[in-house]
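K.L.:
Sequence:
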Amino acid sequence: DHALRAWKFREAEPVGEWGSGYPNDPVTKKWLADNVDEIFGFPQIVRFSWSTAETVMDDKCVSVEWDDDEEEDPKQHKMSHFFSQKTERKRHGFFADRCLKDTSAL
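Going by the UniProt record's numbering, the letters in the sequence shown line up with residues 1 to 106, in that order.
Worth double-checking, as some hints may not be accurate.
[Claimed, not checked] Below 20 Å or equal to it, Euclidean Cα-Cα: the simulated SDA-like pairs (lysine to any residue) are:
id, residue 1, residue 2
1, K29, V56
2, K75, K86
3, K60, P26
4, K29, I39
[To be verified] Computed Cβ-Cβ distance ranges for the label pairs, DEER-style:
id, residue 1, residue 2, range
5, S63, G19, 22 to 32 Å
6, G16, H81, 46 to 56 Å
7, G19, E65, 28 to 38 Å
8, D59, F83, 35 to 45 Å
9, D58, G19, 18 to 28 Å
10, E38, K78, 30 to 40 Å
11, F82, N24, 45 to 55 Å
12, D25, K90, 45 to 55 Å
Think of the hints as simulated: they come from the structure by calculation, not from any bench. All C-beta atoms, glycine included, are put in the ideal place defined by N, C-alpha and C.
Hey, can you work out the whole structure from these sequences and the hints?
P.N.:
In structure tokens:
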């Protein structure tokens, strides 16, 4: 594949033959295992979402736990809150034409 032959790595040039590039290729698996960084993972060419890449990272990389967003202070706004406008939800024409409104109590 021309794209792979012409690829210019931003990182240091990786070592070894990378095989077909498919996750089940034994040569590709060996290349992944030999070219993983314990902090940053793989060079940019690797799809981190591949189960093969995830497995290698689980085995050879430093484990990181991220805080869950749900644990944040409920009073604290997300950054997007300050940049996005609240959009008024448009009512379906059927309800708008008949001036029907939502009611919370009878």
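K.L.:
Find the hints from earlier in the document that the structure breaks and name them by number, from lowest to highest.
P.N.:
none
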